[in-house]
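Chemist: Sequence:
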Amino acid sequence: MPHDPAHNKAPMHLDTQVIHAGQKPEPITGAVMPPIFTTSTYAQKSPGEHSGFEYSRSHNPTRYALERMLARLEGSKITEGQDASFGGFAFSSGLAAMDCVCEMLTAGDEVVCMDDVYGGTFRQFTRVRERSQGLKLKYVDLTDLKQAAAAITDKTRLIWVETPTNPTLKIVDLAGVAAIARTQAPKALLVCDNTFASPINQRPLEHGFDIVHHSATKYLGGHSDVVGGMLATANAELAARIRFHQNAVGAVMGPFDAYLVLRGIKTLALRMARHNQSALRIAQWLESQPGVERVVYPGLPSHPQHALAMRQMSGHSGMITLFVEGGLNESRRFLENLRLFTLAESLGGVESLVEHPAIMTHASIPPDQRAALGISDTLIRLSVGIENPDDLIADLNHALAAATGSNARVAGVKA
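Counted the way the working numbering counts, the sequence shown spans residues 20 to 434.
Keep in mind the hints are simulated off the structure, nothing from the lab. Be careful, since some hints might not be right.
[To be verified] Here are the simulated lysine-lysine pairs, DSS-like style, with alpha carbons at most 27 Å apart: (1) K174 x K96; (2) K206 x K165; (3) K206 x K157; (4) K43 x K96; (5) K43 x K64; (6) K157 x K174; (7) K155 x K174; (8) K96 x K285; (9) K165 x K155; (10) K206 x K155; (11) K43 x K285; (12) K206 x K174.
All of these numbers come straight from a predicted model, not from anything done at the bench.
I would like the entire structure built from these sequences, with the hints used as guidance.
Modeler: Structure (structure tokens):
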């Protein structure tokens, strides 16, 4: 039986669980860190008689270690007797994890999806699943519970939420949406993409959701060196359904990638504390700067759902959205003049990244829908890393000065 803090008499804090949850020393050698099991198949004593492992698409010790870790971090209490990985599941990418959820639906099912979502999520729903599975999509601003109540019906079979959303950082009331869904759509699966928050800052299962989704490429891995996706559930029957589809479709995470994500999670609590702290400071600084039209960050009192974010989240991550003054030319100059912030897609790594959603991560969303969501040519998305925030502020100030001719209003910050 794995060492499992979830069943200790004294509950452990998350910053302890990221080291120990679901883990145990390897039984043969005593290795403290779960080894990378690259084997594809396992010996059986007699037909059907084995030690719990047959074939690595179905079972892999390295993947199990990661899956058990995430399940516990997200609050699952499922035992090994109920599910081998406690209700956690690792996939080859975040979109592969989403694909597994879609495979649990029936052709023609109704889906209610948050209107502001990652471009790849929108692409899979609209350009793949509407065509191949006949899913009926409703894109709704679920931050408005009245709109949520109007959209969710007894025909709804999946409710897909991102919070904070990508890239406008809207905050959805998870408990509020869950209450509506349980009343109006009791057969619906409630899924929350928790990528932007991480389990350190937010745990959707505690707010009534069925499944948590992650792009493990981002904060979980944390070092921009692995691609992966994950699901977690606290419902044993639902875990059995996910396990069937994970195995049947086969888009599982490989053992080396599982090792990298698990290694990344060991420092997740420390990294998120730095991301949270630095991003808040930088967001506050940006909000005071000439050349910046608007800053969106859940930790700022100016955020429309700031009060909800303070109740629902324990930190607000390293993601900041800002709008520079001017137009596309000013945005380009800003992006081209950054030195520490690397212009690249993705997020959640130890290094700071910056991107232009309208051209990069959200280009698959039609222009009219981007405009309706506020994804304009002046919207810039920052992923604040763990560098010294003074250096990051100086970098941003340099880029703002180059883009708009503005000068920092904070004494001691050099362009």
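Chemist: Now, for every hint given, state plainly whether the structure supports it.
Modeler: Against the structure, the hints come out as follows:
no.	hint	result
1	K174 x K96	violated, 30 Å
2	K206 x K165	holds, 20 Å
3	K206 x K157	holds, 17 Å
4	K43 x K96	holds, 17 Å
5	K43 x K64	holds, 25 Å
6	K157 x K174	holds, 12 Å
7	K155 x K174	holds, 10 Å
8	K96 x K285	holds, 20 Å
9	K165 x K155	holds, 20 Å
10	K206 x K155	holds, 16 Å
11	K43 x K285	holds, 14 Å
12	K206 x K174	holds, 8 Å
When held up to the earlier numbered hints, the structure conflicts with hint 1 and nothing else.
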